[in-house]
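Reading the sequence shown from the start, the letters are residues 140 to 581 in the working numbering.
Hints are not guaranteed to be accurate.
As the list claims (entries may be wrong) - List of simulated lysine-lysine pairs, DSS-like, C-alpha gap at most 30 Å:
id, residue 1, residue 2
1, Lys497, Lys477
2, Lys213, Lys376
3, Lys376, Lys451
4, Lys245, Lys376
5, Lys451, Lys360
Unchecked claim - Ranges between beta-carbon positions, derived for each pair:
id, residue 1, residue 2, range
6, Pro579, Thr350, 50 to 60 Å
7, Ser282, Lys476, 43 to 53 Å
8, Asp308, Leu423, 23 to 33 Å
9, Glu216, Pro581, 28 to 38 Å
10, Ala265, Val537, 32 to 42 Å
11, Gln322, Gly534, 44 to 54 Å
12, Asp515, Asp558, 10 to 20 Å
13, Lys360, Gly331, 14 to 24 Å
14, Gly270, Val382, 21 to 31 Å
Keep in mind the hints are simulated off the structure, nothing from the lab.
Predicted model only: the values in this text are computed from it and were never measured.
Each residue gets a CB set at the ideal place from its N, CA and C atoms; glycine is no exception.
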Amino acid sequence: MRLPLLLFGSVGAVALTALLTTAACSSDDEPGATPAPDAALVDAPDAPMELAVETFNIGLAGAFVPNEAARRPKVIEAIGAMNADIVCLQEAWFESDKDAIEAAAKATFPHVARRLHDLDTPIEDAADETGAVPPPFTTPPCSGASVARVERGLECLAASCSTIPSSMDGRTTSTACAIESCQDRVAELVVGAPRCYGCLAPLLPTETFATIRQECTTNPKAGLGFNGASGVMILSKYPLRDVDDLVLPGTWNRRVVLRATADLPNGAAIDVHCNHLTPIFDGLSFPYTGQYGAGATTRVGWEAEQRLQASKLLTYVEQRPGIAVVLGDFNTGPEVKKGDTVTVEAEGPRTYELLTSKLTPALAAGFEPQCTYCGDNPNNNDTNKAWIDHVFLRGLGVDDVVTTERTFIEANVSADVPDAGPVLVPLSDHYGLRASLRVPPP
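Using the sequences and the accompanying hints, generate a full structural model.
Next comes the structure, spelled out in structure tokens:
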């Protein structure tokens, strides 16, 4: 997910790196369609082996992503059948979903890495771009005059968009309803109390209106969605050890790099870094309300936070020697052209340039990058075409990439869409990305 569906953003454009200009064709497959490994790449000691790694943002995020109730059981079932060796999942925000995924996938992926986080979880490296550590908030996000503003907004939402009609004990029925019915009321917060708005926005899709009022008016730490939980987890066919995480500065949602070392059958060990960076929000309805925006309150602030996270991620990866795969939803990607036609729009290109200055994109010869967050996906209320889900390498090169392919592109979930009736939608608002790698023995 790039952004909450309260409103919508836009993207910029830059040229694709020279690495991608050599791509000639694409390969899209569903789970189960991975080509058979090369006979020379055997899972045996002292020999190269083929390792399939995959990233998938599953979009189980409450009202942030449409059709969650219909998608959830299909997502959990599909994860257990994934044709990969190591998987990085994002947006498994709820512990109940993590539990269900771990149980359903146990036969395929007996090894799992996950961590608990909440509003009290400290940031590992809290320094901003200048090296200074911003002071913690000591007052609730909504205080003083902003309390009356948030009350008016919540009362409108409860009257118009509550799962329990006209009740503060309900949740929002959809972000679309919130936009249509109460945008003017909520907009008062954007102008007059942006930090209060920054508490309301990430809590709205999952919490009751009463809980939002309580948290945002009494708890100085409030303002992270899902009670400060992270949504990343690693699944593996092979043993995992040295599980660790890096808690990053993040506004509106917890941002974490989850790391584990996988011991492979050929004796090699590979560090797996699973992560989900901050999206770049755009427009007056998405003010930057955090402390890591280099002083900006617009899109520029979100971009600054994302680049800061990427810089800290790279430092974290470089702390350990050996080979590594760094994968997930980075919310950044380059522009891709076919001739003079833009086929993929740039998103946060400066962050992508920073990442690729240290890491190698896992792009097989002949792979043509395509959007993984696409405007024609019915689960996506945005209209752009962005390639923001990536697999990056450290210690391996492009010659070690056997195949690259998008996954989970098929619309195979029946969902009741307002004003459209039953329609088939994909598993998530994102498509997955899988890369098969040639990993040498130690």
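Compare the structure with the hints numbered earlier in the document and write down the numbers of the violated ones, lowest to highest. none
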